[in-house]
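> Chains as they are written, first to last, in this note's numbering: chain L, 1 to 281; chain W, 1 to 163.
There may be inaccurate statements among the hints.
[To be verified] Derived DMTMM-like pairs (lysine to aspartate or glutamate); straight-line CA-CA distance at most 25 Å:
#1 K122(W) to E47(L)
#2 K122(W) to E177(L)
#3 K161(W) to E188(L)
[As the list claims (entries may be wrong)] A few chain W residues that face chain L, going by a derived Cβ cut-off under 10 Å, partial list only:
#4 A85
#5 V136
#6 T142
#7 H163
To be clear, the hints were calculated from the coordinates, so they are not data collected in a lab. Predicted, not measured: the structure shown is a model, and the values here were computed from it. Ideal placement from N, C-alpha and C gives every residue a C-beta, glycine not left out.
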Amino acid sequence: MQSNTNTASPSAAAAEAQLKYTLQLADDALIIGHRLSEWCGHGPILEQDIALTNTALDHLGRARSLYQYAAELFNKLPSEAKNNFFTSIPMQQLIASGNNIGEDNLASLRDGWDYRNALLLEQPNTDWAYTIARSFFYDAFNYLSFKCLSDSPDAVIAAIAAKSLKEATYHLRWSKEWVIRLGDGTEESHMRMQKAVDDLWMYTGELLAPEKTARQNGVDGSALRQPWLDIITEVFSEANIAMPAGTWMQEGGRDGRHTEHLGYILAELQFMQRAYPGMQW
Amino acid sequence: MTKEQVMKWLEDVKDPEVPALSILDLGIVRNVLVTGDNENSSVTVFITPTYSGCPAMDVIAMSIRMLLAGHGVKKLAIEQQLSPAWTTDWMTDEGKRKLKEYGIAPPNRKAFQPLGLFEEEKVSCPRCSSDETELVSQFGPTSCKALYKCLSCKEPFEHFKCH
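Isolated chain W (complex conformation) (with noise of 0.2 Å):
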């Protein structure tokens, strides 16, 4: 059993809030370490939270329990691992293109670029493509992301922070 090899099952777990993203894809996964011979071998998974509070955190530990577990991993460790914290730079270019096929304008900036007083976010719509739209709210279903409405095709729509 090797490192590339765990990675690879790994692809297999999306978050359960972006089902369109595995977790390797959102740059939660952090690190493999595995150690000893294939019967024997463990395994360790090292995983980072977006948001402190991110309840997907715990049923992406399950995923990846289950998951592993059902390719013959027998010891396995999940540590979760905060420094260095989470951003949405580490979204992989074939992430935002599925977050944007799957209906989520992507983060569109670099993180820390933080925005004035009363500024909105320029966001296109996933759907037309239009620049013609408006943010609804800065909060949105999960953390990570806010409302929008697209001014163009009238479609409400979801964007994944810039965080």
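Next comes chain L alone, as it looks inside the complex (with noise of 0.2 Å):
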């Protein structure tokens, strides 16, 4: 790594790569979150209805403790690196007043190409089969890598893990069980299980890419794959679900490049922030 008299010293570099890293932990968890949370009032039944809003909450109660924990790894970067952290316009702005930033900032004022989460997560509910199939590729992924994380360097990054890891245990039972339910029941809903993974699956890769700062806090991507295959086949052979045969994987969300779904997230989730900046009620 080049480096001059006027960059960062290496432990500021490390800074920069662990507040990136849990702005992607974070970003999963807000936009899973969101996505959950839109079936609020459309569950196919009331208590799947609230089964996701429940999940939803968690995902988002995550969101906020990594976001609280974002911005006090940001405000306490030499003030060259804040500048030069995001590229969004609203943040830059906030950035050169002065002032130090919040969870609520990092969540409102950032563009899509400043969000660092996994294209997976950002896909349409679709219908019932998509959201079940994106959640359990994610909530798979979630149970393995929160075990790692829970014996992070990082304390509180440690602390987050160990307590999301319980969360997580019961989301994978639910989404699993949905699985099983579909793949394994009627013709159609089998039908329809299968192409939801299927049509997912090229999104997958991406959770399990090897990140140097992910293997830093105890997660290794190339590691994990094969208990994270272990799960799925398992689940796939008792729903009669068929391993999709693809092996082309769609990456970029963790680089900031998005499928155009995020942005419609985002044109939602940051409306009020964007046209009354810091409004509260």
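Mind docking these for me? Both chains are given alone in their own frames, and the hints should help you get the complex.
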């Protein structure tokens, strides 16, 4: 890595990397939480409507803890690093004003290219089977990665992960049961479950992509690949779902290159703060 | 002002979603620090959320603030402590008794003995104590509860999930 006297010290670079990773975890949680909350009032039956909104709340709660920590990490960066960290104009304006940033700013003032969530999580709800498939892939990943993150050398990340692991265990049980119920259900439900799995499969590679900072926090994507596949194949075999044949994986979310769907999410999520900056109610 | 005194006062703060229980019964208060002498005492209360997104935490923090202000605490900090993660194992026996009396079936096994797929938690009816009950929904009106119905007395009831 090139460095000169004007750029950040190694410890500052490490702090920036940890901030990016924290934001990635937070963005994953916010975006899936938002997607699941879109089901509120639209669930196929009341009990499942409640299940999804409860789960959405767990994700949003985790997002809050992570954004609070990300804001704390950001506010400690040297000013040059701060100025260059975000490309979104409203964030740059806020930072130029010299104020500290907070959790709400991170959620409301960043444009899509500053969001680092996995592409899988921004995919639309489409139907019940797509919603279940998306959650199942992510819940299995969360369950495994939170186990690892619980031992992260970063005490805040470790605490959030240990708390979230209990919730992820519950989420995974729920999504597993639904994959089986639909896959091993009627001809129609099986067909839809298989289609959702096939269509979303190309977004799963990104979850387990090996990353240096993830590894430093205890999550080794390549080492988790097999345990993740074990969970998937076990449930698929019980659900009579065929493993998707495709091997091409679409990535980009971790670098801020998103599918067209994220923009629509942010338009809804951020409208009030963009139209009426700093508003509270 | 002592830690014991502050803890005693905190017994009056109820969980807004389960008003039968105080935040001490639930194990939400992790610690209280009191520094300085009477007039200049400053108090720090450490609380932990039951679930990551529990919306009751903001209300609980506000209730603590109002209550302690009423007892003359001028310098108060409320810190959220995530580690170790809250578990229903911390709920006191007294808490479980109050919960049942209130009509909510208390957690009945140790957390982290996960259920198998499609396995239903065996829960007794808090009203008639019958073991003939049926799960209606794994998720309930708040994150911490599941919905059941009693097949003996036919009443629906909530179960405080093991977590």
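> Now tell me if each hint is right for this structure.
The hints, checked one at a time:
1. K122(W) to E47(L): Holds. K122(W) to E47(L) sits at ~19 Å (cutoff 25 Å).
2. K122(W) to E177(L): The hint holds at about 19 Å.
3. K161(W) to E188(L): 34 Å, violated
4. A85: 4 Å, holds
5. V136: 7 Å, holds
6. T142: Result: holds, 8 Å to nearest chain L Cβ.
7. H163: With a minimum Cβ separation of about 6 Å from chain L (threshold 10 Å), the hint on H163(W) holds.
Taken one by one, the earlier hints fail for this structure only at number 3.
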